[in-house]
Amino acid sequence: MPEPLLEIADLTVSVDGKTILQNINLKVQKNEVVCLFGPNGAGKSTLLFAVLGYPKYHLDSGKIFFKSQEITHLSVDERVRKGIGIAFQHAPGLRGVKLIDLLKLSGNSEKEQEIKTLAKKFKMEAFLNRDVNFGFSGGEIKRSEVLQLAASSPEFMLLDEPDSGVDIENVELLGTEINEMLKGKSGLIITHVGYILNFIKAHRAVVLYEGKIVCEGDPYQILKDIKVKGYKGCLECPKCR
Amino acid sequence: MFRVSKVPVDTYEERLEKARKALDKEPLYGPDVDINQFLLEAAAAEEKEIPLTELPEEYRRQALHAGIITSEEGRSGTFFQQDTKVLCAHGKQEGLEVMSTTRALKKYDWLYDYLWTGVSSDSDKYTAAVALHRTHGYFIRTLPGTKTTFPVQACLFISKKDLVQRVHNIIIAEPGSELHIITGCTTSEDIQSAMHIGISEFFVKEGAKITFTMVHSWNKEVHVRPRTGVIVEEGGTFINNYICLKEVSTLQMYPTVFLRGMGSRARLNSIIYGLGISRFDIGARAVFEAPKTRAEIIARVIADDASEIISRGNMIGLSKDVKGHLECHGLILSDYGRIVAIPELDAKQKDLELSHEAAVGKLAEEQILYLMSRGLTADQATSLLVRGFLNVDIEGLPPALEEETKRLMEIEYSDLL
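Protein chains in written order, with numbering that gives the first Met the number 0: chain A, 0 to 240; chain B, 0 to 416.
The set of hints was computed from the structure by calculation and includes no laboratory data.
Keep in mind the model is a prediction, meaning the values are calculated, not measured.
Treat each hint with caution, since some may be false.
Computed from the model, here is a short list of chain B residues facing chain A with C-beta under 10 Å [what the hints assert, rightly or not]:
1) Thr10
2) Lys159
3) Gly374
Straight-line distance between alpha carbons at most 25 Å, and here's what the computed DSS-like set of lysine-lysine pairs gives [claimed, not checked]:
4) B/Lys361 to A/Lys115
5) A/Lys29 to A/Lys55
6) B/Lys405 to A/Lys97
7) B/Lys361 to A/Lys55
8) A/Lys103 to B/Lys405
9) A/Lys103 to A/Lys115
10) B/Lys361 to A/Lys97
11) A/Lys110 to B/Lys405
Each residue gets a CB set at the ideal place from its N, CA and C atoms; glycine is no exception.
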């Protein structure tokens, strides 16, 4: 087995003194796309924030490795510069910071024409000279987030519910683009309804329940089972017990 | 012959007499600075103009920071005053007049009807000092229908230690004209102590427009007391942008716009970055004297280090069907800084709409982390957010001037961040 791109080892995470994740072990290989399923409050977004190094998410124990190097004590920007990127579920509006300026700073190209071409793919051309996420609708924020991720094209992509609050037409657009972005890369995707998986080739899924990984397997099969039996079905599943 | 629309009730002599009685009058706001501790030098005689390109290198560099282009490219006129001496004053466009106030008063008798009608000569001891011992200042005027293609640039420069510069500026846009001005006030780098008192009276006539962008680039030992009054007549527009991102000792001002004519409009933007132990007491006031008048007063202030900023705003509604909005957003970047926001609305009519919004806080950690998740360091993220916070979209500026304002902000930012 080759060295994983991302390795989460025995991770326990708390927020404001309350334990959210317990003893999480997860490996994501190069060129592997893993889905993260789980009910509301299971700790899915917490796991993404912990990987990214948000200070509010306190690591009580465990380690995180990226490309075989421990990154547990690195700051958010240092982790990002090593090749991790994220599209947030909820993103703050940045008054006075134009989207195009942020793309120039954080993306791989400062060339305006290249940025415009990329933005066009996400139907975000008209938003380039607007303040980042400021006054954007829920769907526009999702397109802005994935556009920013596409502009930096990191080796490992964290995607937090890229399809929630997005209309059917734009889920297809986002799903198709994300699938393209993930070619030759790795990713960890949170999705609730799973509709976006119609457009993304995922290799594996894990189910988080009450802060623990309770199931692992084929993403499409697990999604199908969840739709029939709900998350409690995962707990009863003989394979997982 | 050009006249003020409303002939003043008192004579010029009477206004001077009022000033004499106010020589010891304490200012209403801001620290009380003793003018007599400074060098009270008389106005120097005007001689042959000196091209800006022949100024000493250091002066040119400082002037550039205050928005002055020494080649005069992209400028329709220039005024440059060093201490009490006018070095350069000329307009390059027909229908535009640029000269010292001293020269203008000699040329036009009628100008005395304007003097001290936008600002009262007895407001405090600073106005009184200028009324009685003026050391030039500029007179800029557009004749009826003239539209300046490029802005006029004006610079008030202090190079002499301990000097008090007492200037009186008069700006008139005659009916239907459009005048854009960029003015920079600065000192030479080695100035240890000085004072600047600048009276500015603006007259925006019927259907005329003035945009006025002022950059203050002082240093930490300079006391600054601008006194500004603006009279806007029917259908006129006044847009003011004030930028100060440099350290200063004390700066107090409270410009007042009188929206005298029906449908007249004003917008005043202030962008202040407090550094060191700077003390700012800045405000803006709009008086709605006629129906259908509109005004917006926007302030973005940042208190860093141990600076203190008092940000005032005042709207007085005297007429019906008027609309005004006052906004002050403050950001504190240091535990030793202080911001006081004092918005005031004074409505004296039932059919009007005045509103205000004030918010003071720190940079949101969520925003810094968001930018760090895009690969920016914490310092880069903070800089970008601070820059964004100060970035006020200014409506009503012609595209060339909008670009110019952005360029000026970039020059200022480059030193700051």
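- Item | A/Lys103 paired with B/Lys405 [C-alpha distance capped at 25 Å] | Holds. A/Lys103 to B/Lys405 sits at ~18 Å (cutoff 25 Å).
- Hint consistency between B/Lys405 and A/Lys97 [alpha-carbon to alpha-carbon, up to 25 Å]: Cα-Cα ~14 Å, so holds.
- Query: A/Lys103 and A/Lys115: Cα distance at most 25 Å?
  - Reply: At roughly 11 Å apart (the allowed maximum being 25 Å), A/Lys115 and A/Lys103 satisfy the hint.
- Under the criterion that the straight-line Cα-Cα distance not exceed 25 Å, is the pair A/Lys29, A/Lys55 satisfied? Given that 25 Å is the threshold and the Cα spacing comes to 28 Å, the pair is violated.
- Item | Pair hint outcome, B/Lys361 versus A/Lys55 [Cα-Cα no greater than 25 Å] | Since the Cα atoms of B/Lys361 and A/Lys55 sit roughly 18 Å apart, the hinted pair holds (cutoff 25 Å).
- Query: Is A/Lys110 close enough to B/Lys405, meaning Cα to Cα at most 25 Å?
  - Reply: holds, 20 Å
- Task: Starting from B/Lys361, check that the Cα of A/Lys97 is at most 25 Å away, please.
- Result: This hinted pair holds, its Cα atoms lying about 20 Å apart.
- Taking the least C-beta to C-beta distance, is B/Gly374 closer than 10 Å to chain A? Constraint on B/Gly374 satisfied, holds at 4 Å.
- Supplied contact hint for B/Lys159, tested at 10 Å Cβ to chain A: Where the cut-off is 10 Å and the nearest Cβ of chain A is about 39 Å from B/Lys159, the hint is violated.
- Message: For B/Lys361 and A/Lys115, compute the direct alpha-carbon distance and say whether it is at most 25 Å.
- Response: Distance ~33 Å between B/Lys361 and A/Lys115 Cα, so the pair is violated.
- Is the shortest C-beta separation between B/Thr10 and chain A less than 10 Å? violated, 49 Å
Comparing the model with each numbered hint stated earlier shows that hints 1, 2, 4 and 5 do not hold.
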